[in-house]
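Novice: Here is what each chain is made of, one letter per residue.
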Amino acid sequence: MNITTLLMTVVSTSLIYSAPLIFTSIGGAYSEHSGIVNVGLEGIMVMGAFSSVVFNLKMGNTFGAATPWLGLLVGGAVGLVFSLMHAVATINWRTDHIISGTVMNLMAPALGVYLTKLIFDGRGQTDILQHPLATVTIPLLSKIPVIGPIFFTKTSLVAYIGIFVSIAAWWVLAKTRFGLRLRSVGEHPEAADSVGISVYAYRYAGVLISGFLGGIGGAVMAQSITLNFSATTIVGQGFMSLAAMIFGKWHPVGAMGAAVFFGFAQSLAIVGKYIPVIKTMPDVIFTIAPYLITIIVLVAFIGNARMPEADGSTFIKAK
Amino acid sequence: MTQTPAIEIHHLVKAFGDFKANDDISINFYGGQVHALLGENGAGKSTLMNMLSGILRPTSGQIKIKGKEVVLHSAKDATVLGVGMVHQHFMLVNAFTVLENIILGAEPTNAGRLNFKQARQKVEAILSRYDLDIDLDARVEDISVGMQQRVEIVKVLYREADVVIFDEPTAVLTPQEIDDLLEIMRKLAQEGKAVILITHKLQEIRAVADITTIIRRGRVIDTVKTSECSAEDLATMMVGRPVDFDLDKPDIKPGKTILEIDHLNVVDKAKVQRVTDFSLDIHAGEIVGLAGIDGNGQSELVKALTGLMPIASGKVAVDGKDVTHATPRQIVRDGVGHIPEDRQRFGLILPMTVIDNMSLMTYTEAPLAKHGIRNEKAAVELTEELTKKFDVRTSSIHNTAGSLSGGNQQKLIIAREMSRDPELMIAMNPTRGLDVGAIEFIHQQILDARESGHAVLLISYELDEIKQLADRIAVIHAGRLVATESAANLTESEIGLLMAGDEIAGKETATNAD
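Chains as they are written, first to last, in the numbering used here: chain A, 1 to 319; chain B, 320 to 833.
Only chain A is shown next, with the shape it has when bound in the complex (with noise of 0.2 Å):
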């Protein structure tokens, strides 16, 4: 394997990795700048990868090509309504929030492998898809000297829209007025319903934006990775996601950031044997380093990251 080849494997299977985690952690920044600690991003990415997978069976013969991508939708949408299910408990019944995403998490696997079981003739975990979401070539951009085989030849495209997905996100939070009135409620939202902003409204708008793209990337890591759905489809990344959103410092385009790493780390397990010096090094060091250097960067960055100041906080309007 020359050096060019071995970058490019490490860059796409970096991107692969990474592209769930992208859209989730921007999904969980727009909740915790809302004021709303999503922990139930992990049950989130869960319902999406389920509902894509079941759309991308069912539909397939429907929409050709298209499958997989009208599966994102479907499953950003299903990741939507069950959203709705953490802002009603966390807005207006005041839950503590880490009880109702935990629910979330619990649930959402026990009710995807149920529905598996229903709609698949008893069966735990569903075939394999035919339209998956495969690694493609950019034109032009693959035909540049060294950076194009490197980066644009058999990549993961959805991993671009998602980089694209994190800048657009931060323009939105920082530069236009909904961004403003989002983050005035995770700050202070009695300063904010002081001003006559409606605080339900946006805390609602910054959950149902993180179940929307939580659920994209849980049906991009079903339709890119797993290629099927079981009770194993999701393990943990809807966790990392949060990790990526805290280590890029709340920050779309830092938590996108932070998912690439992330998805470096998980793609070491699969190139590391090839790269020389590191592929005599046991294989479960390989499968333990995503969650090792997860929890490792938290440790280190959580002290130094400023959070939204109300993140987590219930907000009571005065009558």
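If you are wondering where the hints come from, they were derived from the structure by calculation, not from laboratory data.
Being a predicted model, the structure only gives us computed values, none of them experimental.
Fair warning: there could be bad hints in the mix.
[Said to hold, decoys possible] DSSO-like cross-link-like pairs, simulated, lysine-lysine; straight-line CA separation at most 27 Å:
1. A:Lys249 x B:Lys588
2. B:Lys786 x B:Lys575
3. B:Lys572 x B:Lys640
4. B:Lys436 x A:Lys175
5. B:Lys395 x B:Lys568
6. A:Lys317 x B:Lys395
7. B:Lys441 x A:Lys175
8. A:Lys175 x B:Lys395
9. B:Lys634 x B:Lys590
10. A:Lys317 x B:Lys383
11. B:Lys339 x A:Lys317
We have chain A already, so just place chain B on it with the hints.
Specialist: Just chain B, lined up with the frame of chain A:
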């Protein structure tokens, strides 16, 4: 007056259950005037203002704005009608810039995109008109409290308010900042705005208000021209009985040295030197008032003395016993009482009951505990006795400390600390945010402590308080002791200069008097 009032209130009533917080209140507020609402805590001033700013709705009665009857459903309704409120607890987002805070909720946009340029022009026009100096790009968390308040004022002006309500605006300000604020109020009135000042501080009213309405127990007692009333008259109307401004302070000969602070240095976590080479002695039967502008090392000094912050070098002794590196608990047991700066964060555990809070310092000792097991009955008895003695008002001692009013919270702390009969009492801003009645009571307690032969270190941002109580006055500036003088030898303006770090010409002041 032929002018139409900016706001008219007719027979306004607000009832919470059987309790009438506002009972048949009628007042007219005119443009071009500063109109003060004077009343003790709980008199119903805030309820009234919350109705004017749309936060609460009246039970009955009528509000007219510029001659037209209105019903306000939300803060936004009031804003649209030109009524703006500068809140006591600032409604500012710390992480946002000043400009973002000002425009929040009324942002100029181009298709959803914030138009900062247009916003900046409008805000800068306001700043120059009222001669205000604010850095629009600074983050709110990085600017001083006085500056934050100016941001609140600009927020109201940006929304083109004709009526500006100030709710207890000076509680958190330094003397200099208070002067600046009063100047701004005058300017607003000159521009034709109706300025409403809610306060219980007579001095401010005397300085700035044209008209004063006194409210007691939800009723209007009287509306008077401020210039025609003395401070005593106003206080009597507010409290409902004559208030004694001149505290009875017998001469006491100071006894032995109780607190010795010897070349104390305190460095904070960020490695910033907060207290430098600070030496001070306090004797039995003596009150030493430490004057200084907020943030000049007072908090750190108190924390170091009470064991809440490590001492970098130097020595502290209480009644001859070295407590330089003692734990807070040891210091408590060695006879130090502490009325902390922030009663809610350090003085009390708000979610716990009055009984538990009263027991906080002594729950491990007899009679509150036996063999490590708490004696609830003894705690209840102690609390009943102390709440009565120190006039802590609560419907039940089983209520949480958080449910008490600010004044009663403070009395609870004072009851707890004084009842332990400490050799040394350290009190930091003990009357901050309290009304005249409560202040009078607390001052009397501090004087009682002095009379029973205790040493008192009183740290206060209120010069009046220090002048009234202290036998000796010490001034701290930038973490250093810049002067200690017998209270009679310093005038208020001299203290003010020392606080600002200036020397007093022609006067010799002791620096770090050993």
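Novice: Each hint needs a verdict: does it hold in this structure or not?
Specialist: Quick rundown of the hints versus the structure:
| no. | hint | verdict |
| --- | --- | --- |
| 1 | A:Lys249 x B:Lys588 | 23 Å, holds |
| 2 | B:Lys786 x B:Lys575 | 23 Å, holds |
| 3 | B:Lys572 x B:Lys640 | 23 Å, holds |
| 4 | B:Lys436 x A:Lys175 | 12 Å, holds |
| 5 | B:Lys395 x B:Lys568 | 51 Å, violated |
| 6 | A:Lys317 x B:Lys395 | 14 Å, holds |
| 7 | B:Lys441 x A:Lys175 | 19 Å, holds |
| 8 | A:Lys175 x B:Lys395 | 24 Å, holds |
| 9 | B:Lys634 x B:Lys590 | 20 Å, holds |
| 10 | A:Lys317 x B:Lys383 | 26 Å, holds |
| 11 | B:Lys339 x A:Lys317 | 22 Å, holds |
Consistency with the previously given hints fails for number 5 only.
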